[in-house]
Every structure is written in structure tokens, then in C-alpha cells.
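Chemist: As a plain string of letters, each chain reads:
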Amino acid sequence: MVILMMTEFTPFSALLGGALLGLSSLLFLLLNGRIAGISSIVSGSFKSLSSSPQWRWSFLLGLVLSPLVLTLFDYQTSSSIDITWSMIIVGGFLVGFGSYLGSGCTSGHGICGIGRLSPRSIVSTCLFMVVAIIVVFISKHLL
Amino acid sequence: MKLIVSLLCGLLFGIGLTVSQMVNPQKVINFLDITGNWDPSLMFVMGGGLLVFALGFFFVINKRIAKKQKPVFAEQFFIPKRKLIDKNLLVGAVFFGAGWGLTGICPGPAMANVLSFEPKIFAFIGMMLMGMFVARATLKVSDAKTSVVDNDSLSSVMTATDSK
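Residue numbers (our numbering), protein chains in the order written: chain A, 1 to 143; chain B, 144 to 307.
These aren't lab readings, by the way, just hints derived from the structure by calculation. Misleading hints may appear alongside valid ones.
Here's a subset of chain B near chain A, in silico, CB distances under 7 Å, partners left out [as the list claims (entries may be wrong)]:
hint, residue
1, Val162
2, Phe196
3, Phe267
4, Val284
Only a predicted model underlies this, so the values are computations on that prediction, with no experimental measurement involved. Where a beta carbon is used, it is the ideal one built from N, C-alpha and C, also for glycine.
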């Protein structure tokens, strides 16, 4: 199976969007004292998994509603999902299982963790990047 | 006030994900596809995010912690304190990377994509939650087996007072 879909190299919007991610994480830590790690916020939003779910729900609500804000400014977004159902089912489980076991994902380890030079986060991010690159190589070029 | 800050930070985070196109799985997969149609954009996303967060962390937050000041609206900084690179961290990263590579979706973009009402996004989130619960159950079983008090996880948060 070879799906070759080009996406344009967009350094400026990437840099701007990245800076907004960094700013959000920074403000969240400065104001509320919390790390903006999405996997932990998701798992912690269940009462059985954490003691204070309210602020987590609030953060997730903002995250879910964010595309509406951009629509107000006429910002067009497009994302098509061309991933097969089996990949979604297996991948979704692995993302949840791995981020819980490894205490974080692209946001918590990748930005907040590396940003404060945490050795655990640096190791985790390098490892999951390499594994993801290998998996993409296998699924796009070998299968 | 804390809840309003949470809501606004969530909004800002989602806007960042959308502007940077992290919400587009194809964009993520093309970033990971270094031998194919490589799209290096996400390197800039990470660069921009790290630049802003790291500068703010070392010039604002670390100074605040050093002066034993609290966050603006909260009682303490919840910053992971763990240093040990253990098996769970490594195994977790391998599983997470495999799932991320298969789908091009990680937890943030999954949530920011909910309003697209794409069935695959809901399936992804459902499976992600299931994975989290299974991981927690697995950790509980292994904790019970060793039955040793895990000092490492007990001290996983530090307060403003015991940081330095």
C-alpha cells in the first residue's frame, strides 16, 4: 500500500503555531502551576485516575472548541484522515497505553519536558520520534 | 479564575495546533517520512514551541521557584521531579511512537479535531482512553507484584519549596 500525499513545507505558520503552543504551555505553568501535557490531562480528567478533574475538563473544553475561534477569524483549516480503520484502532490504543506508561506525549515530554531540559523527556522524545519514523518507513515503503 | 485560565490556555493550545497544522495527520506522517516526501515543517513547530517555553521557563518560572514564589493563581508548581530513566518510560515511548507513526495523531490534535465529527477521531480517542486504562491496570498489577513502596512515583511532583 503506497499512499503518497504531498504536503507543502510551511515554515512560517509552523513557527508561529509552535510559538503559540509554547506560550500556552508557559502561561499555564506560570498562572496555574501545571504542565500542559495533553495525555496526562486526558487521563487525569477521569475521577478514578486523579483527584482534581475540573481544571482538566476546562482545558480540554478549550482545546476542543479552539477550531471555532479560528473560524471566527475566517481561518480555513483542512485535515483529511486517510488512515485505515485498523491503523486507527491499533494506533489509538498504542498512543493511550504508551503515553500513560511513559508519563507523557509530544506536548508534555516534547515541549514542556525538553524545554526545562528534563533528561527523561529528552530520552522519551528521541525514542518515540525514532520509533515513529521507523513505523512510517515500514508502513509507507515496505508494506 | 483557575478554570478560566485552563479554558483559555486550552483554546490557545488548540489554536497553536491548528495554525501549525499539527492537527493534520498527513502533515505529521510526512514529517516522519524522512525517506519519502519529507515535510520538515513540524521541526519548526517544535523549535518555536521550545524556544518560547524554554526562555520563559528559565527566565521567569525558575526565578519564581528560586524565590519560593507560587504560581499566579495556584498554591504550588506541579513539576515532575523524577530523574530515573526507567523501563516504563522507555517501553511507553516505544508504544507511543508506534501509535503516533501509524496514525499521525497524538493526544492534543485528537482533542482539537473532535469538532470535525470525523468517526475515526472518535474511534481514536476511545481506543486511546482504553489504552490508558489498560496501562494503569498493568502498572497496578506490577506494583502489587513487587509490593515495594515506589518512592520514585511518590515524589513525582515537587513544590515550590523543595525545588532548590
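Chemist: Hint Phe267/B vs chain A: min CB-CB distance below 7 Å?
Modeler: Interface hint status for Phe267/B: holds (4 Å vs cutoff 7 Å).
Chemist: Per the CB criterion, is Phe196/B less than 7 Å away from chain A?
Modeler: The hint holds - Phe196/B has a Cβ within 7 Å of chain A, the shortest such distance being about 4 Å.
Chemist: Do the numbers back the hint for Val162/B, that is, is its least Cβ distance to chain A under 7 Å?
Modeler: Cβ of Val162/B sits 4 Å from chain A, so the hint holds.
Chemist: Taking the closest Cβ pair, is Val284/B under 7 Å from chain A?
Modeler: Violated: closest Cβ of chain A sits about 13 Å from Val284/B, beyond 7 Å.
This entry does not satisfy hint 4, going by the numbered hints stated previously; all others are met.
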